[in-house]
Every structure is written in structure tokens, then in C-alpha cells.
Amino acid sequence: MTPEDISKQPSLNRDHGMMLLREMLLIRRFEEKCAELYSATKIRGFLHLYVGEEAVAVGAMQSLEKDDAIVATYREHGHALARGVAPTAIMAEMYGKQEGCSRGRGGSMHLFDAATRFYGGNAIVGGGLPVAVGLALADKLQGRNRVTACFFGEGAVAEGEFHESMNLAALWKLPVLFCCENNLYAMGTALKRSESEVDLCLKASSYEIPAWPVDGMDVIACEEAARRACLAVRSGTGPSFLEFRTYRFRAHSMFDPQLYREKQEVEEWKKRDPIIGLQQRMQEEGLLEDSEVKALEDEVAAVIEAAVAFAENGAWEPITDLTRFVYSEKPPV
Amino acid sequence: MAEFLMPSLGADMEVGTILEWMVKVGDPINRGDIIAVVDTEKATIEVEVFQTGIVEAILVPVGEKVPVGTALAMIREAAAAAIPAQPLRPAAALPVMVPRPSIVSVTPTPAVELVSATKAPPSPPIFITRPSMTHRPRISPLARRLASELHVDIASVHGTGPGGAIGKSDIERAARMPAEAPARPSTQLVERRAPMAKSEVTPADRQAAMRRAIAAAMSRSKHEIPHYYLGTSIDMSAALAWLQAENQRRSVTDRILYSVLLLKAVALAVREVPEVNGFWIANGIKLSQAVHVGLAIALRQGGLIAPAIHDVDQKSIDEIMTSLRDLVKRVRLGVLRSSEVADATITVSSLGEQGVESVFGVIYPPQVALVGFGKIVERPWAVNGMLGVRPIMMASLAGDHRVSDGHRGGLFLAAINRLLQDPEKLCGTTKSKP
Amino acid sequence: MTANSNPTRITYREAMRQALRDALIRDPRVFLMGEDIGRYGGCYAVTKGLLDEFGPDRIRDTPLSESAFVGTGIGAAIGGMRPIVEIMTVNFSLLALDQIVNNAATILHMSGGQINVPLVIRMTTGAGRQLAAQHSHSLEGWYAHIPGIKVITPATIADARGMLWTALEDPDPVLIFEHNALYNMEAELAPDAGPVDIDKAVVRRVGTEASLITYGGSLWKVLQAADELAQAGIEVDVLDLRSLRPLDTAAICDSVSRTHRAVIVDEGWRSGSIAAEISARITEGAFYELDAPVVRVCSAEVPIPYPKHLEDAALPQVATIVQAVRQMVSAHG
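Going down the list, the protein sequences come from chains A, B and C.
Position in the first sequence counted from 1, then plus 548, gives you this note's numbering.
Position in the second sequence counted from 1, then plus 8, gives you this note's numbering.
Position in the third sequence counted from 1, then plus 439, gives you this note's numbering.
To be clear, the hints were calculated from the coordinates, so they are not data collected in a lab.
Cβ atoms here follow ideal geometry from the backbone N, Cα and C, with glycine treated the same way.
It cannot be assumed that every hint is accurate.
Stretch by stretch, here's where chain A covers chain C in the computed footprint (C-beta under 8 Å, at least three residues) [what the hints assert, rightly or not]: (1) 495-504; (2) 518-529; (3) 553-565; (4) 597-604; (5) 749-761.
Here are the simulated DSS-like pairs of lysine-lysine, each with C-alpha atoms no more than 30 Å apart in a straight line [what the hints assert, rightly or not]: (6) A:581 x A:819; (7) B:32 x B:73; (8) A:818 x A:842; (9) A:581 x A:842; (10) A:878 x C:487; (11) A:688 x C:487; (12) A:688 x A:842; (13) A:721 x C:487; (14) A:721 x A:581.
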């Protein structure tokens with residue numbers, strides 16, 4: 549890694565900016581549509597929406613290669629979309645149709661896509677971290693220079709699995725990019741009420757893992773931080789840790805009355821909406837017209853409409869197939 | 009809290025009906041008290057209780073027929089140590105697993121004597137549901153299937169499993185039964201009584217039930233027990249002479265029957281050959297320390313019952329006589345105690361009165377021997393090379409060849425003979441023998 | 440490996456070590472992870488010498504982080520390796536239950552069949568060494584409850600040697616339970632003894648009076664009981680289950696159909712045990728063959744106590760097995 553690499557800024561050229569904007573907008577509108585569909589009982593179970601946090605997934609994903617791996621949480625629709633999992637497949641999965649990316653078996657919390665090395669979709673807080681460590685170990689043992697990006701909320705730092713995984717990854721110098729999305733609330737519990745030490749980067753560095761805090765509402769900042777961290781990870785020196793400081797504008801899930809935070813706080817954070825932020829920056833720099841925003845919206849709306857139609861027309865898996873996929877149906881390679 | 013269960017009052021008893029409760033809830037009771045009167049297929053029995061305490065609940069009402077082992081009442085025991093069930097209760101009839109809704113420990117039955125260097129750990133608890141109070145036969149699925157295949161009527165099968173449950177072996181036995189022609193002394197006994205029974209006014213179904221019960225018990229005995237038979241002639245002149253002299257000294261009411269001497273002789277002979285006194289229970293011998301001599305008594309209405317006189321070896325002649333008189337009276341009345349019916353460790357069948365010279369009986373399972381005494385008949389007899397006439401009685405032994413053999417059986421009969429030759433010594437034995 | 444093909448006498452421990460060594464030689468994807476398996480040589484000395492032979496990359500000592508290293512095993516398996524994770528004992532596996540039950544057992548299903556987890560986990564199980572309540576569990580029955588994993592219990596040296604191979608070839612997670620009392624057991628085995636199946640029960644002794652159904656450490660107590668019973672004229676069938684999930688229901692019902700009486704011996708606690716499951720299957724599959732209720736000989740419902748006489752009383756023993764059979768045979772003769 550050269551000094552030039554480190555100091556290189558991501559260019560906010562127009563195309564790149566449009567791409568980032570489109571990606572974030574797609575996530576935003578997709579999530580909003582999911583909320584609507586849930587209320588119409590098309591989507592059932594739990595639904596955890598990423599509204600407000602789009603910059604993190606989109607920004608971080610720019611530094612991941614096609615054959616890197618991703619492990620995420622139950623709030624993973626945005627990550628799946630940013631990774632390139634088809635919106636149709638995701639929406640069908642939300643519906644529970646067999647055309648879903650997990651064949652309808654997983655639902656909102658368990659999006660999996662082997663083709664893009666998207667390994668879920670995990671409903672246990674902290675549960676994905678050890679798996680990410682294992683994926684990274686496999687790469688190291690097989691001499692492959694790949695990154696495993698592991699996304700988790702700040703709530704996970706309370707779990708033993710977080711500490712065990714950080715320690716093990718650092719001890720064995722494994723290529724894991726730990727991406728902590730600190731949206732300040734683990735469901736209804738504020739970080740300061742559950743952690744004696746709220747400085748998450750300090751926690752990470754106590755495991756000898758390089759750690760940086762990032763403005764999670766600024767997609768460019770997220771992108772830059774992830775680029776640098778991935779360089780470090782790919783150099784083989786071990787894991788890196790990023791704390792993305794972000795905020796979810798909506799409740800934890802559809803059931804949450806949000807009694808644990810003030811409306812005013814939410815409004816304050818909404819002023820830092822990542823999509824509006826990028827939009828404004830691009831418009832200030834003369835890279836974006838209003839009409840183009842509308843065109844983007846229309847384009848995104850069409851994609852989502854197609855995804856919904858796909859899901860609506862999808863098929864329910866036959867009940868006779870119920871006990872499939874408990875054990876493998878073909879031997880492994 | 010203890011449960012009072014429908015006791016097994018005979019190897020062939022499957023069900024019983026409460027005719028009368030002698031206690032009500034709240035009454036105090038002591039061990040040995042009569043708690044209820046139970047009707048079995050053979051007789052009406054006063055059932056005694058083995059716990060001391062207060063009657064907490066009556067579970068089965070008068071008139072209800074329930075299987076052996078059913079909980080009949082709850083007794084809140086006094087602080088005294090738990091009284092063990094009578095050790096000689098034949099396990100074949102007593103359910104090993106009692107039907108209770110609560111958890112019970114299955115204590116090793118007399119059948120399962122294990123020699124282990126370390127103390128055997130407690131058996132795993134067995135959860136059994138209470139049997140329904142309808143008259144649903146207790147039968148294993150396999151047995152039910154076999155009964156259907158072998159065209160056996162389940163209702164006619166006597167079950168030897170816990171609580172009278174019918175198993176494969178019972179069905180197989182029942183399937184073989186019609187092939188055996190009944191030509192045995194035991195049925196002769198019953199048939200001899202038949203003419204008398206016809207003249208009696210008896211409920212036909214009670215008689216039929218009794219016949220079935222006897223038939224089941226006798227055929228089971230013959231089927232399972234490898235009998236061997238020995239006979240010996242006993243010169244009764246000394247005994248009879250002594251008896252005559254003795255009775256002359258006594259008032260009429262105190263006179264002793266010669267049967268008493270026979271019972272005493274049997275009881276003392278048992279001490280010399282213990283293998284004839286006890287039980288064969290599920291592949292194992294369980295001999296008895298105590299000697300409870302069962303006496304086969306014919307019933308007026310037909311049939312036979314063999315209640316026991318307890319501890320004959322320790323009782324005096326007078327005590328035995330008293331017991332005998334009392335027993336016979338109550339048998340005629342049809343009122344017996346459960347312990348009397350169940351506890352015989354060896355049985356004596358004495359048919360001299362009927363003029364039968366020799367008796368070759370069928371052992372009452374799970375006992376292992378039956379002693380028969382025939383009529384005392386005047387016979388020519390050689391003594392010291394000279395011919396004379398003596399009162400001779402045939403004594404026979406039916407023995408279970410799994411437990412004793414001819415040699416030992418022979419010694420037993422020889423002992424009876426010897427004892428009867430010295431009636432003074434026989435009857436002078438005091439009751440406080442260790 | 441010796442050149443001659445004459446059977447040699449080896450211990451169960453040695454058989455398992457040979458199996459591991461064999462796997463490490465045969466397949467470069469195989470590696471071991473666990474506490475003290477390397478430098479210490481393994482808590483039960485199973486892995487002794489392997490570190491020297493295969494090096495620290497393939498024989499990996501882990502920190503005391505059950506959840507992390509089991510999850511790492513999962514991730515590594517997904518990532519193309521064939522890890523064999525050793526959890527020191529089933530007692531410590533409780534710390535990794537989330538990874539085993541929520542990840543290893545479910546990922547294939549949650550991903551709609553896309554992603555399988557070819558992981559092998561070995562654990563020591565059982566009581567009998569006065570190690571008290573926290574070190575004496577037999578929870579293989581619990582694990583056998585979970586769809587998505589396989590549970591095997593090698594009780595013989597041939598099985599210790601041969602089951603690992605087959606487990607490694609299985610595309611799905613396999614948990615191998617080794618009873619602690621078996622390690623020193625010796626028997627003859629051909630040096631070229633190969634793989635054996637991991638889903639069939641085997642009749643170890645033929646008889647007609649009762650079926651004694653068991654697995655693992657209890658097998659040897661049952662065989663000894665069978666000898667004692669034979670002296671009393673009671674010949675029993677002894678069925679070694681070898682696999683608890685899947686259970687070889689056909690073999691169980693076949694044995695019971697021949698003997699009409701079943702006694703299940705299981706070192707787990709009675710309530711909700713694998714013995715209860717087997718009893719249910721007998722009722723389902725061989726009801727009309729039963730001449731007596733199914734009997735279970737299990738551990739007493741108590742945390743395993745420390746003093747020897749109490750521990751002995753709590754566990755199934757030869758005497759209790761003999762007694763149970765005799766009682767059953769006498770009551771239902």
C-alpha cells in the first residue's frame with residue numbers, strides 16, 4: 549500500500565455520484581414499499597428497515613470485489629440490494645415465494661445469495677461474526693486474497709460472540725472487515741445505557757485491530773473509509789474495524805412504538821439524510837439537475853414496481869417439499 | 009400417604025368386587041383390621057389392611073368390580089415405620105407395577121433376587137397410568153393380535169402379567185388348553201362334589217365362575233409345574249392310640265381331630281426338608297421361613313378352597329385345633345380373611361373322610377408341594393416279621409421337580425411318617441420354638 | 440501405517456487419532472480447531488503428535504471461545520474447507536449452542552438449499568469420573584432433536600476409526616460424541632480398516648427374550664448385562680444405535696418384532712430423552728409386537744453428584760440393566 553493509495557480521494561464525478569445516489573434511492577424506496585406491503589399483510593413476520601442508513605451499505609460496498617464475502621444482520625435488505633442481489637428475488641423472498649433468493653424459506657431476516665457471496669441475513673445479534681471469521685480463515689488457508697465484510701449493529705458489541713470473534717480474527721490475522729453500524733439504539737436500548745465504554749473504536753483497538761469512526765450519513769465518507777480499510781485488510785495484516793455513525797429514521801421494526809427516543813432527535817438526524825445530503829452536494833457542484841432526480845425516482849419506482857409484480861406473481865413452494873433443504877440433496881464438491 | 013390396593017387373594021384371582029366397606033373416611037385403622045368385604049369369584053373374603061393410620065379417602069364404591077391391584081382407598085399413615093407388604097405374597101398374582109398416577113419406585117419383588125457386590129441402585133421409576141374403571145381387559149398388543157390369530161377368546165384367558173395382564177404366553181397356553189383331556193385327581197375332587205352341589209341352591213354363574221377359576225388354576229399348575237409323585241404308607245396306630253387317650257382326658261369341645269396331628273407333622277417335617285415349603289416365582293425359588301399350611305376344604309356349593317393356618321410349626325396342638333375349627337366354620341360360611349386365603353406355603357389335602365385311599369393332587373401354584381392324606385384303612389401289616397392288622401394311611405407328596413427331587417421328597421414323607429410314630433413328642437412341642 | 444494387514448490391538452483414542460491423521464493426510468482441506476489440541480496434545484490425548492506432524496496452520500489451538508471457533512468452523516466450511524472442530528466436552532458446547540443450532544443446522548435451509556455446511560464437530564460426553572454436575576452431561580439426545588445436523592455416537596473401535604471418514608464426506612454438519620469412558624478401551628482392528636456408515640444401527644448380540652437398545656458408552660454396560668442375563672437363561676438382543684440422528688427406526692422395530700420386549704439404556708436423563716423418542720418410535724412402528732410396556736434405564740433426575748456412590752447410583756449400571764430386564768421378563772413371561 550503506497551502513500552498515494554492512502555491519500556487518493558474517491559472522485560465525486562457525476563457518474564459515480566449518480567450511481568451512489570441511485571443505489572441509495574433504490575434502497576430507500578424499496579424499504580418504504582416494504583413498509584407499505586407489510587401493512588397490507590403481504591409481508592409477514594419481522595421487518596427491519598434500513599431507512600436513513602443507506603450510505604453505509606452503499607459506501608462500504610464500493611470497495612468490495614465480486615468474490616469478496618458479506619455477512620450481515622436481519623436489517624440487510626439494503627446490503628443485499630447494494631451487493632447486487634436482484635430486487636425481484638429479494639421482494640419475492642419478502643413475500644415468501646419460492647422465487648425468492650432463499651427460495652422463500654428465510655424471509656426478511658434471512659436473505660442469502662451464493663452467487664454474490666451474500667451470506668445472510670442473521671437474526672441472532674452477534675451470530676454472524678464467528679461465521680465471518682470462518683469465511684476469512686478459509687480464504688487465508690486456501691491462499692485467496694479476499695475480504696469478508698461483516699456488518700453488525702452496535703448492539704452486538706455487548707455479545708460475547710463479538711469479543712470472541714474480534715480476538716480470534718486479530719490473533720490469526722484474518723482478512724475480516726468488521727463494519728459496525730452504530731445507529732445508537734439496539735432495538736429500544738440506547739448505547740450509553742448498555743455499554744460502560746461507548747467508544748466502539750476503543751473496544752476494537754483493544755484487540756489490536758485498527759479502527760476508525762466514520763460519518764455514516766455521508767456516503768462519500770463511508771466509501772473512503774471502506775476503501776482504506778479494505779486496503780489494509782487485503783495487505784494481509786489482519787482485520788480492520790469501522791464504526792459507521794448513523795441513524796435509522798424509522799422504528800426498529802414495524803411493531804416498535806419508539807418510546808425510547810425523542811421525536812425531536814429523529815428530526816435532527818433527518819436533517820442529515822444521506823440521500824438529500826448527496827443530492828444537495830451534487831446539485832451545489834452542478835452535477836445534478838432536478839429533472840434528473842425525478843428521472844431517477846421514476847427509474848427506481850419502475851424497478852420496485854417490477855419487483856413487487858414479480859413477487860405477486862410468484863408461486864408458493866409446494867407443501868410436499870416441506871422437509872427439503874434440511875440435509876443436502878447433492879454431495880458437495 | 010399409602011394406597012390400599014385390591015389384594016390378590018389367590019393365584020387365580022383377577023378381579024374383585026367391594027361388597028361392603030367396614031370403614032369410612034376419617035376412621036382410624038390398625039394393621040390387621042378388616043377394612044372391606046370383597047367378593048371374588050370363589051368366595052367372599054374379609055380383607056385386612058396392613059397399614060396403621062386414618063382412612064383418607066375411599067376410591068372405589070360398593071358394587072364396583074375392579075382388577076387386582078386397583079387402588080381402593082387412601083390411608084394417611086401414622087408416624088410408625090412403613091409396614092412392608094407380607095413377604096410371602098405370591099408375586100405372580102400381586103402386580104409388580106401398581107397402577108397409580110404418581111411416580112412409584114419399583115422395589116425388587118421376591119422374584120428378582122440379585123447377587124450384587126455393591127448395593128443395587130434404586131430401580132428407575134416407572135410411570136403407569138391408572139387403569140380405567142371400565143372392564144377393559146389388560147392385554148398386551150401382541151397378545152391381542154395372537155388371540156385373534158389363534159381364535160382364542162380373551163375373556164376366557166387368565167393373565168399372568170402385572171395386574172392380571174394377558175401376555176403372549178397366556179394366549180399360547182390358552183390356545184393349547186382344549187387339547188388336554190382333564191383326567192386328574194384334582195378334577196375328580198371337584199366332580200365328586202358335583203352331585204352334592206346340584207342339590208344345593210346356588211347361583212349358577214357363581215359356580216361356573218368358580219369352576220373356571222379352578223380350571224384355570226389347575227391347568228396352569230399342570231402346565232407349568234413338573235410334578236413328581238411319591239407315596240408312602242404310614243402306620244397310624246401309635247398316633248391314633250395317643251389321640252384316643254388324649255381325647256378321653258378332654259371335654260368334648262376340646263377334643264382334637266387326627267387331622268391336627270397330620271398338619272403338625274407336615275409342619276415339622278418341613279423343617280427337615282424346607283424345599284417343599286415356599287414358592288416358585290418367575291424362574292426363581294423363594295422358600296418360606298414361616299410354615300403356613302393350607303388345608304384344602306371342600307365348599308358346600310362345590311369347589312375347593314385352601315386357606316392357611318399360619319405358623320403351624322409354632323402352634324400347639326390346641327391352637328391348631330382351634331384355628332382349624334374356626335377356619336372350617338368360616339369357610340362354610342364363606343367368610344375368610346385375605347391373608348388366610350393367600351398365604352399358604354404348602355397345602356394339605358386330606359380326603360380320608362370321603363373314603364379315598366390315596367390322593368395324588370395338583371399343586372396350587374405358586375406353591376411347590378401338595379401333601380395328600382388318604383383314608384385310614386385297616387390293613388394287614390408286617391411288624392418285626394409278624395403279621396398283624398394296622399390302621400394304615402397313605403400319605404402322598406406331589407412335588408415341584410424344579411424345586412425338589414424324589415430323594416428330598418422321599419425324606420419329607422419319611423419325616424412325616426417318623427413324626428407320626430411319636431405323637432407324644434409331636435404334640436408336646438411347645439409354641440415358643442425359635 | 441504398518442505394512443502387514445494383521446489386526447493390531449489399539450485403543451479407541453488411538454483409533455480416533457488414526458482417523459484424524461488419515462483425514463489430514465488424505466484431504467488438504469481438512470484442518471482441526473479446538474482448545475488445547477495442539478501443544479497440549481488434546482484434553483483426552485486424541486490429537487497428540489498431530490501438531491508436530493501437520494503444523495499450526497492445520498492444527499489450530501483456539502482461545503476459550505467456543506462460540507467463535509465453532510462459528511469459524513461453520514464459515515470455514517462454507518468457504519470450502521473441511522474443518523474438524525473439537526469442543527472439549529459437550530458441557531462446553533452449551534456456549535456454542537447459538538452457532539450450532541442457529542447457524543450450522545439452519546443455513547442450508549434458510550438459504551433455500553444454496554449453501555451447505557460440511558462441518559464436523561467432535562465432543563467428549565458422559566459421566567462416571569466424579570467430575571460433578573457441570574462436567575458430566577450427556578446431551579447428545581438434545582442435539583439429536585435438531586433437524587439439519589447429524590448426531591453419531593461411535594461405541595466401538597472400528598466405529599471410532601471409520602465414522603470420521605464418512606462424516607467428513609457428508610455435506611452437512613455432523614456431531615460426533617465420544618464417551619469419556621471409551622478412550623482407553625482396546626480392541627483389535629485391521630490397520631487398513633476403512634470407512635463405515637454413520638446412519639445404521641448394528642446388532643451386537645443376538646437374543647430372543649428382550650431387545651436392549653443403546654448407544655455410546657452404555658453399550659459396554661449393556662453387553663456385560665447381557666452376559667449376566669445369559670447365565671440366568673435370558674438371551675437378549677443388543678442393538679447399538681451408532682447414530683442418534685438419524686435414528687435407525689427399521690433396525691429398532693426389527694429387533695423388537697423378534698423379542699416383543701424392549702429396554703432402552705441411555706445415559707441421558709429420562710425425561711425428554713432420546714430413550715423417550717425411541718420408545719415413541721417403537722409404539723409407532725412395532726405396537727402390535729409388544730408384549731410389555733417399553734422400559735427405559737436412564738440417569739436419575741438429578742444433576743450428576745460428585746461422590747462415587749451417588750454418581751454410580753445416578754447412572755445406568757450393569758446391575759440396574761440386569762434388574763430391569765429380569766423384572767420385565769418375569770412380569771411378562
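Next on the checklist: Would the hint linking residue 721 of chain A and residue 487 of chain C be met if the CA-CA limit is 30 Å?
Outcome noted: 26 Å, holds
Checklist entry - Under the criterion that the straight-line Cα-Cα distance not exceed 30 Å, is the pair residue 721 of chain A, residue 581 of chain A satisfied? => result With a Cα-Cα distance of about 41 Å, the restraint between residue 721 of chain A and residue 581 of chain A is violated, given a limit of 30 Å.
Next on the checklist: Does residue 819 of chain A sit within 30 Å of residue 581 of chain A, going by the straight-line distance between their CA atoms?
Outcome noted: Since the Cα atoms of residue 581 of chain A and residue 819 of chain A sit roughly 22 Å apart, the hinted pair holds (cutoff 30 Å).
Next on the checklist: For a C-alpha distance cap of 30 Å, please report whether residue 688 of chain A and residue 487 of chain C respect it.
Outcome noted: 25 Å, holds
Next on the checklist: Hinted pair, alpha-carbon criterion (30 Å max): residue 688 of chain A, residue 842 of chain A. Please report holds or violated.
Outcome noted: Roughly 46 Å separates the two Cα atoms, so the pair is violated.
Item to check | Given hint residue 73 of chain B paired with residue 32 of chain B - CA-CA distance at most 30 Å | outcome: 19 Å, holds
Checklist entry - Is residue 878 of chain A within 30 Å of residue 487 of chain C, Cα to Cα? => result With Cα atoms ~35 Å apart, residue 878 of chain A and residue 487 of chain C exceed 30 Å; violated.
Checklist entry - Count the residues of the segment 518-529 of chain C with a beta-carbon closer than 8 Å to any beta-carbon of chain A: does the count reach three? => result That given contact holds, which follows from 4 residues of the segment 518-529 of chain C lying within Cβ reach (below 8 Å) of chain A.
Item to check | Assertion that chain A covers the segment 597-604 of chain C - criterion: three or more residues, beta-carbon distance below 8 Å | outcome: It is violated, with 0 qualifying residues against the three required.
Item to check | Outcome, coverage hint (the segment 749-761 of chain C, chain A; C-beta under 8 Å; three residues) | outcome: Per the Cβ count (0), the hint is violated.
Checklist entry - If you look at each residue in the segment 495-504 of chain C, do at least three have a Cβ nearer than 8 Å to any Cβ of chain A? => result holds (count 5)
Item to check | Straight-line alpha-carbon gap residue 818 of chain A to residue 842 of chain A, limit 30 Å | outcome: 21 Å, holds
Hints 4, 5, 10, 12, 14 from the earlier list are contradicted by this structure; the remaining hints agree with it.
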